[in-house]
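Those protein sequence lines, which keep their order, are chains A and B.
With the numbering used here as the guide, the letters of the first sequence map in order to residues 1 to 450.
With the numbering used here as the guide, the letters of the second sequence map in order to residues 1 to 450.
Careful: at least some of the hints might be erroneous.
[Said to hold, decoys possible] Computed Cβ-Cβ distance ranges for the label pairs, DEER-style: (1) I280(B) / D191(A): 48 to 58 Å; (2) H238(B) / H83(A): 19 to 29 Å; (3) Y354(B) / R131(A): 42 to 52 Å; (4) V199(A) / E203(B): 28 to 38 Å; (5) D191(A) / L130(B): 25 to 35 Å; (6) K206(B) / N198(A): 24 to 34 Å; (7) V59(A) / K206(B): 43 to 53 Å; (8) Q81(B) / H238(A): 38 to 48 Å.
[To be verified] Quick list of in silico lysine-lysine cross-link-like pairs, BS3-like style, CA-CA up to 27 Å: (9) K196(B) / K154(A); (10) K13(B) / K415(A); (11) K194(B) / K190(A); (12) K194(A) / K154(B); (13) K190(B) / K206(A); (14) K155(A) / K190(B); (15) K190(A) / K13(B); (16) K194(B) / K206(A).
Read the hints as simulated data drawn from the structure, not as lab findings.
Note that CB positions come from ideal geometry on N, CA and C, so glycine has one too.
There are 2 protein chains.
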Amino acid sequence: MQSFDLDKTDVSKIKSALSSGNDEHLKAVLGEYHASEIAILFESITKEDRQRIINLLPVEIASEVISEMHEEAHPEELLLQLHPEKRTEIVEELDYDDATDIISQLEEHEQKEILGDLSEDDASEIRNLLRYDEDTAGGLMNTEFIRINLNLTKKDAIEEIIRQSEEIEEFYTIFVVDDHNIFRGIVSLKDIIKSKGNVHITELVKTEVAWVYPDMDQEEVARLISQYNITSIPVVDHEMHLLGRVTFDDVIDVLEDENTEDILKISGVSEDEELSGNWIDAVKSRLPWLIINLATAFLASAVVRYFEPTLEKIAVLSAYMTIIAGMGGNAATQALAVTVRRISLYDLTDSQAYRTVLKEFTVGLINGAATGLIVLVFALYFDSNPLLGVVIFLAMTGNLVIAGITGAGIPLILKRVGIDPAIASSIIITTFTDVFGFFLLLGLASKLLL
Amino acid sequence: MQSFDLDKTDVSKIKSALSSGNDEHLKAVLGEYHASEIAILFESITKEDRQRIINLLPVEIASEVISEMHEEAHPEELLLQLHPEKRTEIVEELDYDDATDIISQLEEHEQKEILGDLSEDDASEIRNLLRYDEDTAGGLMNTEFIRINLNLTKKDAIEEIIRQSEEIEEFYTIFVVDDHNIFRGIVSLKDIIKSKGNVHITELVKTEVAWVYPDMDQEEVARLISQYNITSIPVVDHEMHLLGRVTFDDVIDVLEDENTEDILKISGVSEDEELSGNWIDAVKSRLPWLIINLATAFLASAVVRYFEPTLEKIAVLSAYMTIIAGMGGNAATQALAVTVRRISLYDLTDSQAYRTVLKEFTVGLINGAATGLIVLVFALYFDSNPLLGVVIFLAMTGNLVIAGITGAGIPLILKRVGIDPAIASSIIITTFTDVFGFFLLLGLASKLLL
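Chain A extracted, bound-state conformation (with noise of 0.2 Å):
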């Protein structure tokens, strides 16, 4: 393929050029790559450098490159840190759904220097962005699209779109409005040059198409937006007047965005952990959970210190408890990792909840007679104990179906009370399983070994 990825020989290339101190060698040698290769090459060098490459480049590369920088290299530093004037500049090219996203991340006083920089017009859609929550189909929208009156004709419409279209780089869908603003449809170019004569485009518009209000959750625009296999979704007031578009792009960083929270949920980390973050941020976002997990621990522990004697008296069941609570929490978590997945991809009834519960308590019994079979053998060989072995056999197997039971029920309950089911961690999960696993294998064997 055509190799649109910054490799090593790019990035040493162009940090070479960076430390000629030659403006113009620089400059020839950024013309090469596309802006989004140039904010992955932010992400590895200093600010100072940043700074330098955006002042060199044509105001319409730096926008796009400032647009497409992750989040979490924090553009709206490197924006703050600019020139006002070639600040201004840049934000002028940016989209208004882009722009809103970085200047929200300013402190409120910064956000009032930059707007206040701005064209009225420019300034009044940001701030009018700026209202809705980062994670709605509000936040998401972006207020420039194409629309077209029902009342055009054919020859005027082409014109207005054309007129229109002069402003707006890339359009998928064409928005049909009424003279009031209200949302009537859409229509595409397509049919619109393929109608024969001059027709109206009341004649040709598609009345029956999704649309969403600006507070819906951006899980579900993105759910939407996938199921229907659309570029672009209009989003209306709940008067029907078209506010804005959410388009396919930015529901492909929304599910990146939520498959990163719900794989660092399921593992016990706060979702709001950043990735390419410090250490600072990671023991404030993991340390809580760890002392979460503390806790949980010390229940297990203390079923251990309940059967002290018993363990006084046959030392080696320590070296089972390693293995039952071990296996445990690891069945656990298979059972766990496969309902969160199957709750975020789907809508389960209820009678479908009864049987993944049923279907793991199952699974659970087969594999923890399996495993527990493994054991028993070794115990027999090892430990030259048949009894020992009968209890480590059914102490494994009712673990690994309590580990079934909780690490599929626990998140769908979870879902049916309306707490994100990803939630329910390993850490969460892997308590149920030593805390039982303890006290199965112990309580038998103090029943049926002493």
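Given the structure of chain A, go ahead and fit chain B onto it with the hints provided.
Chain B only, in chain A's frame:
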């Protein structure tokens, strides 16, 4: 929003129409729903009812329902059960890429049967697509798109586009080729219409665009489309002949799939376990991982056995063992999740990889000391043994450092040697923390407490 979601009322309405036995009534009820909603409904009704609905629906809706069905709902089985005539109608209505995806799931003799009923053109297109691995650009690509010759005039190009678009419902980009079908760039309908006078396409074509070879991995294709915010990317052979295009909606599906894979692998579930699969599939997919885990658990328990004399003298150590091992496992899972997700979103340079491990070392040291201190206080209070407290504190800190280094280091090393880093599942990582945790706690205890 306009409700496109199938709620319980909808489902029971359709189900009661199904059981009424009145086809006309059922048809009328189905008419109120979008194809993708009917596809969702299909997950909760019997095979016979699915077949009945497909037979009742107009062929264009029926084919859309089948193409929207989840892979796991097995559209290929439904297709196979239909009357051959109906089936042929539906397959001919499907996009080639969707038809190929569905047919590829069938046995070879079943494929032949279906292809034999198609027109020679359709059959050979699908046969051609069946050659590509389904996880590559070739497997994802669609061969229906708008293709115009570089040498056309504006007027002829518009006519040609209108002609071709009779066949193609949706197009986002117009591909430009020369007389030998060599890909030369893209052009937008908007730019053609906007151009003044009767220019040639060669003056309008945009040549600096991304393209891919058919054997490129789907994850890489998804990354390109997401990086450049494009609706479709052309697929060319090594002589630059235009073969097809991959569209953004395929990429959204790929992202969902890849993310499912990541979250399952990291939790020790085989990537090919179907989320809605039955218990037999689940056992097949998970038992092998549990047996690997059992082998590693025996390793950890061997460490415990080695220190059995120590445990016999200080039985309370068993209670602390579970705490140290559990905390290590969870801290390792945290570091693993953050690192795996970072690797899958960004390409890390060597120095970034090094800094990641260094960061996790620091995080492990701090979180280990913090939680170790809590356990130390606990030990002082409950066991009145300061030296035991010190042993526990050191073991906890050491184990969380190991957890951080292995949780970040192992996936990074796997990535470097070309293995999927998500395979460094919690099962593998927690072995390290179990073994090291027990070794540290029991080793220090036998040195300092006996």
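**Q.** Unmet hints by their number, sorted upward, for this structure
**A.** 2, 7, 15
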